[in-house]
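J.: Residue numbers (the working numbering), protein chains in the order written: chain A, 1 to 491; chain B, 1 to 491.
If you are wondering where the hints come from, they were derived from the structure by calculation, not from laboratory data.
Treat the hints with care, since some could be wrong.
If several chains are the same, the list does not tell them apart, and a pair holds so long as it fits within one copy or across any two.
What the hints assert, rightly or not - When the alpha-carbon atoms are kept at most 20 angstroms apart in a straight line, the in silico DMTMM-like pairs for lysine to aspartate or glutamate are as follows:
| id | residue 1 | residue 2 |
| --- | --- | --- |
| 1 | Lys87 | Glu117 |
| 2 | Lys98 | Glu116 |
| 3 | Lys57 | Glu46 |
| 4 | Lys324 | Glu397 |
| 5 | Lys106 | Glu116 |
| 6 | Lys452 | Glu330 |
| 7 | Lys47 | Glu58 |
| 8 | Lys326 | Asp342 |
| 9 | Lys57 | Glu434 |
| 10 | Lys57 | Glu327 |
| 11 | Lys57 | Asp339 |
| 12 | Lys87 | Glu111 |
Note that this is a predicted model, so its numbers are computed, not measured.
2 protein chains.
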Amino acid sequence: MAKGFPSRAEDYSQWYNEIVSRADLAEHSAVRGCMVIKPYGFSIWEKMQAQLDKMFKETGHTNAYFPLFVPKSLFEAEEKNAEGFAKECAVVTHYRLKTDEDNPGKLKVDENAKLEEELVVRPTSEAIIWKTYKNWIQSYRDLPILVNQWANVVRWEMRTRLFLRTAEFLWQEGHTAHATKDEAVEETRMILDIYAKFAEEFMAMPVVKGLKSESEKFAGAEETYCIEALMQDGKALQAGTSHFLGQNFAKAFDVKFTSQEGKQEYVWASSWGVSTRLMGALIMTHSDDNGLVLPPKLAPYQVAMVPIYKGDEQRERVVSELQKIKEILEARGIRVKLDDRDTHKPGWKFAEYEFKGVPVRLAMGMRDIENGTIEVARRDTLEKKSFDLSDIGNKIEHMLENIQENLYNKAVDFREENTHIVDSYDEFKKVLEEKGGFIYAHWDGTAETEEKIQQETKATIRCIPFGKPEAGKCMVSGNPSARRVVFAKAY
Amino acid sequence: MAKGFPSRAEDYSQWYNEIVSRADLAEHSAVRGCMVIKPYGFSIWEKMQAQLDKMFKETGHTNAYFPLFVPKSLFEAEEKNAEGFAKECAVVTHYRLKTDEDNPGKLKVDENAKLEEELVVRPTSEAIIWKTYKNWIQSYRDLPILVNQWANVVRWEMRTRLFLRTAEFLWQEGHTAHATKDEAVEETRMILDIYAKFAEEFMAMPVVKGLKSESEKFAGAEETYCIEALMQDGKALQAGTSHFLGQNFAKAFDVKFTSQEGKQEYVWASSWGVSTRLMGALIMTHSDDNGLVLPPKLAPYQVAMVPIYKGDEQRERVVSELQKIKEILEARGIRVKLDDRDTHKPGWKFAEYEFKGVPVRLAMGMRDIENGTIEVARRDTLEKKSFDLSDIGNKIEHMLENIQENLYNKAVDFREENTHIVDSYDEFKKVLEEKGGFIYAHWDGTAETEEKIQQETKATIRCIPFGKPEAGKCMVSGNPSARRVVFAKAY
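Excised from the complex, chain A in its bound form:
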């Protein structure tokens, strides 16, 4: 175990912070609430981006780019959306600095360069995008518009945590326009499926799909769909949301189209996004008391190679053998790092790659060369074995697939063990207190009951899950309930 590194049981929150910091994923910056995403962390995010981008494009979406700033008058247009984000907006009021005569070498805001209208740094882009779509849409022939944007957004947060909640974060935001309600709803649901598939197949993170309650939905949406994942401390994390916006933004920005029947109608909309928050979800789903654990599909390098030697002659020999194996692996598309640095000892390297979550570590020394073997260590199970070199490419490829699968299965098992069905409010509070996790319980569908539960227990409705309804009675009010909903404490 890394020195001074707390176990999850000791201090979960500190355990998370230490992983983010020591595995070189991200750090706090000199700007309050904003993070620096370090190269190792960023290369995981790049893999997420590449895969999601591929999935969006395969389903007909294209990327575009809209301004960072939203003039206040546009921001206000959709009132619920504006109200929802007003309290966390960074606002640009001036466009120039000037020399501060009282402080040589210092600058101050030039009061003569005050903007006539303030600019909000986008917390989300519906307003600026719907203002733009107004000019793009005249007829049904211009629909659908299926556009995505990769961008930074800013939501001023008082309490921040790296990746999970930061004032500036990176995300993608899809914004689509449709001729019919059905088509927009279908898009919203299809994107949710993409998010769930990405979470499960690439992040190896099982998710529950469902609908947000009225109180939890996106400001300006008719319906918000979400995927919810369970972290190892029993808290839920909202990993992605897809919103059916109805005609709210079309009405706010007067976006109409001529239908095939020649009528003027308002356009239907969806918007959807996932962010660098997924990095936090990835870390907390798989990592253990030895550090970060990465699923092979998103690992910057899937295999780290460490040569064991004494002196230059042995070094050359071992490195050259490893180089050959590296080429074999790379020919299969495996990402390999051969660490032949002479400035660090093998033990240091072992600890480094273990802490950084590299799925497979290979080590080779003179004895291995004589025997035609190589030492193979798996990060997920920490198993170490000696492998015969024959067919090594195939073996490692299978091991990586197996690790990906194993991580997913472990996460599914964890979630099942921590999913509880309760029928009374007392039981609910007891389970929440003692075990945490996802709690399926009946709720009468009112905001009052939802709020009461939240205030008394800090648990929120994570989602109204898809699937068969099951009638019952609300655990709090005793009123009828059409289905169980998922409660949890959440990030």
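Chain A is fixed; fit chain B onto it per the hints.
T.: Below, chain B alone, put in the same frame as chain A:
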């Protein structure tokens, strides 16, 4: 020729604007000086990004992400840099909006949410990055740091033009840290070579490599290297810059390292960037009086297919034949769009793909099917030919290579024709007035002469080109000059 579309000779500036707008590349937004990059334009930028990113990674660089905001006190630290950008900084002063009681439904800045320290929206990231590097660098073992960032930046501009000069633009900015001056200079030059290679091999745009004069160099740099391209109106466009920063930022942020000899030394630095401005350069290098012309390597689709038919039966037959050819082309990695929409006529489609600069257009009708042929039109030469279908994949692949080459050669020829060597100031003024282009002339190396020339003629020194020096006398002062420099009017 597209309706109402001016020729270059008629109105070059309007010609450019119309191409950007009608080819769906970008448009002005509701935010002063900020643009919307539309899907077709953005997909060209994505191709540029992907290629540059590959080249950076092949040379050992990794991506990371640093905050959008720079606290004023950090921004001030490197005085020349701060002075250079102070006049064009968007400044965030508040972090909350609130309900405007006097205007129902409207919001206003909450004066109680004033930041203690203003935040500058990054016009460039040296300050925030060097503040971060201070914590990353202790010893020579931590060097070099070779990091790049893809990001948006804001420089408040009073007169904006789509892609060429906008308040917000997208770019990449590399920021490297080195133990020695030589290594930092080598990095600066190596990146310039990458930029030149990218411009020539991918954008098919020849460039002159050189050094900026003292007055034109980046604020905070010791030396700025650049690539300069010549547009069709005889004006130069700076397409990329790579700065040797010396120890300026290391000193401003106190970034020292312990050398191999155990001494404390300041770190050496480079920074370098290209931006969405390259889109403007690409458009102006190749496009003609019929619209946009794209080099195949950066075209969103390289081949557009248009079926010619009467009635559903013919349509099905022709589309199915084209589908087969599409698969043949795609198997070779060619990007193909088969436009089988029934809502638009072939003539409309021909005009559309011509205006959007698609390198090759294929058209097929029943007669072609009978003859085993296809109509092939090249965008660069506007030639139209009937091709036998045998070996069609190979033929189209070669045609695309040929178009890429031809566009480059045409641009080289244009530049040669518009490059002039002059020896007197009178001749200089005459050539500048009558012909424009790159003018190679002797200059005495002083800022005074440089400024005099600029004020009298509007021409600037684009660069002090690499290559053999040639002694002579300054065309203005008559003082000795070590080499000719490149003058031009510029974007």
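J.: Against the earlier hints, flag every one the structure doesn't satisfy and list their numbers going up.
T.: Checked against the structure, the hints that fail are numbers 6, 9, while the rest are satisfied.
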